[in-house]
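Line order of the protein sequences matches chains V and X. First residue of the first sequence: 1, per the numbering used here; consecutive thereafter. First residue of the second sequence: 1, per the numbering used here; consecutive thereafter.
Accuracy of the hints is not assured; some may be wrong.
No copy labels: a pair is met if it fits in one copy or bridges any two.
To be verified - Straight-line Cα separation of at most 25 angstroms, DMTMM-like style, residue types lysine to aspartate or glutamate; simulated pairs: (1) K150 to E195; (2) K205 to E113; (3) K74 to D176; (4) K87 to E195; (5) K74 to E37; (6) K150 to E123; (7) K114 to E34; (8) K153 to E50; (9) K74 to E218; (10) K205 to E195; (11) K150 to E47; (12) K114 to E29; (13) K87 to E62; (14) K153 to E113; (15) K87 to E129.
These are calculated hints, taken from the structure and not from any lab test.
Protein chains: 2
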Amino acid sequence: MNLLLLEAADFVAADRVILTGRRLRHLQEVHRAEVGETLRVGLLGGEMGEGRLLRLDTASAELQVRFDQPPPAKLPVTLLLALPRPKMLRRVLQTVAAMGVPRLVLLNSYRVEKSFWQTPFLEPAAIREQLILGLEQARDTVLPEIIVEKRFKPFVEDRLPQLAADTLGLVGHPGDFPACPRAVQQPVTLAIGPEGGWIPYEVEKLAEAGLTPVQLGERILRVETAVSALLARLF
Amino acid sequence: MNLLLLEAADFVAADRVILTGRRLRHLQEVHRAEVGETLRVGLLGGEMGEGRLLRLDTASAELQVRFDQPPPAKLPVTLLLALPRPKMLRRVLQTVAAMGVPRLVLLNSYRVEKSFWQTPFLEPAAIREQLILGLEQARDTVLPEIIVEKRFKPFVEDRLPQLAADTLGLVGHPGDFPACPRAVQQPVTLAIGPEGGWIPYEVEKLAEAGLTPVQLGERILRVETAVSALLARLF
Chain V
1 MNLLLLEAAD FVAADRVILT GRRLRHLQEV HRAEVGETLR VGLLGGEMGE
51 GRLLRLDTAS AELQVRFDQP PPAKLPVTLL LALPRPKMLR RVLQTVAAMG
101 VPRLVLLNSY RVEKSFWQTP FLEPAAIREQ LILGLEQARD TVLPEIIVEK
151 RFKPFVEDRL PQLAADTLGL VGHPGDFPAC PRAVQQPVTL AIGPEGGWIP
201 YEVEKLAEAG LTPVQLGERI LRVETAVSAL LARLF
Chain X
1 MNLLLLEAAD FVAADRVILT GRRLRHLQEV HRAEVGETLR VGLLGGEMGE
51 GRLLRLDTAS AELQVRFDQP PPAKLPVTLL LALPRPKMLR RVLQTVAAMG
101 VPRLVLLNSY RVEKSFWQTP FLEPAAIREQ LILGLEQARD TVLPEIIVEK
151 RFKPFVEDRL PQLAADTLGL VGHPGDFPAC PRAVQQPVTL AIGPEGGWIP
201 YEVEKLAEAG LTPVQLGERI LRVETAVSAL LARLF
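Can you build the whole structure from these sequences, using the hints too?
Take a look at the structure:
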């Protein structure tokens, strides 16, 4: 946690917050914070600043806070991911939030196991928890928008063309395709497939919606690694 | 597992292997392989090719194999990492192997917790296990060399200048430094710090050994994410 993320419910006055639960434990056990210390804080969805620790005991922590700094810019990207397996999903959500992706679509694909859609990690509270961890890691305050799309075809036919309009549309796909471009100067819509890749029909449908296949070398990367590698290359 | 990695001990004839244990279970439970099927195989440290499944039962699997393809090229990089916390170490080892890093130095730093050096995940067999998982993921056969350096100063003073000679030496470090270069055309020596970063003394010593500080934006990334992002940007 490189940023203590605060929410409206934490405030007991305009410049005072009281923390309990996970953030309190983190202050005590990981940060080993002491009264008088100054910590980086951020207001969820708002500015960042500093908090001075006024009181810390086993029940709660109280901080005096001020905000004076905007959060870092997001990347100009909409990321489409074939729904990863539950364990990977949690890490990918953190990575996506940490790297500054403002919008993520979790999409079905032929090679997504049906059971993946049953995971409790897809519940809004569980998604939010991982995103918060990513924001705290990277020092950002703005939650990405997460869109969950259980049906590939209607999404790609009806919604994707509009989402991808006026962007550079790319599908990460192994094979004899151009290399993923570097340091692009425009917004991007990027689709990354499941383990085993998109099936040809899906690549075709994504292409019809404006997304061109690109490859990232002959090595097959885990989804989480592919996400960070592709974003770092693009921006 | 996108590649079935074979070792000398698996061979019962020049073109026959018998598998048990983890790889057998993977064939049965994840791959759900069937007799007659052809699978991608690789010889640890050697070539890649195909294996035809001759027999599969609860005790073992037998394959007929042939090798006709070199493994993918490695990246021209030596990676220095401040020793990550044990859980992260395991994932980083997989990522390093998957992305094609040929040489990794795990180094001490002021901000590496002393307890991290006690982890059983640093034992050679445990390191090897994670590297193999990374190679199987990415379809590579060649294990990276892992150098474990518990003392920062002697390594950086006595060994690093030689390791970094004739390479572009870089230290990932947040702050007012040039951005990490892109698409470099020469070998690189890249050092990535611990959670909380290198201390100024360490950055200074790394600079004396020929490594220049570069930054990767204002977001603070987990080590694993920073590794894949920096490598993707550099190569």
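Going down the list of hints, with the structure as the test:
Taking the closest pair of Cα atoms, K150 and E195 come within 25 angstroms of each other only inside a single copy of the chain (17 angstroms); across copies the shortest separation is 37 angstroms, beyond that limit. Proximity of K205 and E113 under a CA criterion of 25 angstroms is satisfied intra-copy only: 20 angstroms inside one chain copy versus 50 angstroms between copies. Proximity of K74 and D176 under a CA criterion of 25 angstroms is satisfied inter-copy only: 20 angstroms between copies versus 31 angstroms inside one chain copy. In this assembly of identical chains, the alpha carbons of K87 and E195 lie at most 25 angstroms apart whether taken from the same copy (13 angstroms) or from different copies (23 angstroms).
Taking CA atoms no more than 25 angstroms apart as the test, K74 paired with E37 passes in neither setting, with 30 angstroms inside one copy and 46 angstroms between copies. Taking CA atoms no more than 25 angstroms apart as the test, K150 paired with E123 passes inside one copy only; the shortest distance there is 14 angstroms, against 43 angstroms between copies. Proximity of K114 to E34 under the C-alpha cut-off of 25 angstroms is restricted to the inter-copy arrangement: shortest distance 22 angstroms between copies versus 48 angstroms within a copy. In this homomeric assembly, K153 and E50 never come within 25 angstroms of each other (Cα to Cα): the closest approach is 47 angstroms inside a single copy and 35 angstroms across copies.
For the identical chains of this complex, K74 and E218 are inter-copy neighbours only, at 11 angstroms across copies versus 29 angstroms inside a copy, given an alpha-carbon limit of 25 angstroms. Taking the closest pair of Cα atoms, K205 and E195 come within 25 angstroms of each other only inside a single copy of the chain (19 angstroms); across copies the shortest separation is 42 angstroms, beyond that limit. For the identical chains of this complex, K150 and E47 are neighbours neither inside a copy (34 angstroms) nor across copies (41 angstroms), given an alpha-carbon limit of 25 angstroms. When the C-alpha separation of K114 and E29 is checked against a cutoff of 25 angstroms, the pair qualifies only between copies, where the shortest distance is 16 angstroms, while the shortest distance within a copy is 39 angstroms.
Proximity of K87 and E62 under a CA criterion of 25 angstroms is satisfied in neither setting, with 34 angstroms inside one chain copy and 32 angstroms between copies. When the C-alpha separation of K153 and E113 is checked against a cutoff of 25 angstroms, the pair qualifies only within one copy, where the shortest distance is 17 angstroms, while the shortest distance between copies is 50 angstroms. In this assembly of identical chains, the alpha carbons of K87 and E129 lie at most 25 angstroms apart whether taken from the same copy (14 angstroms) or from different copies (20 angstroms).
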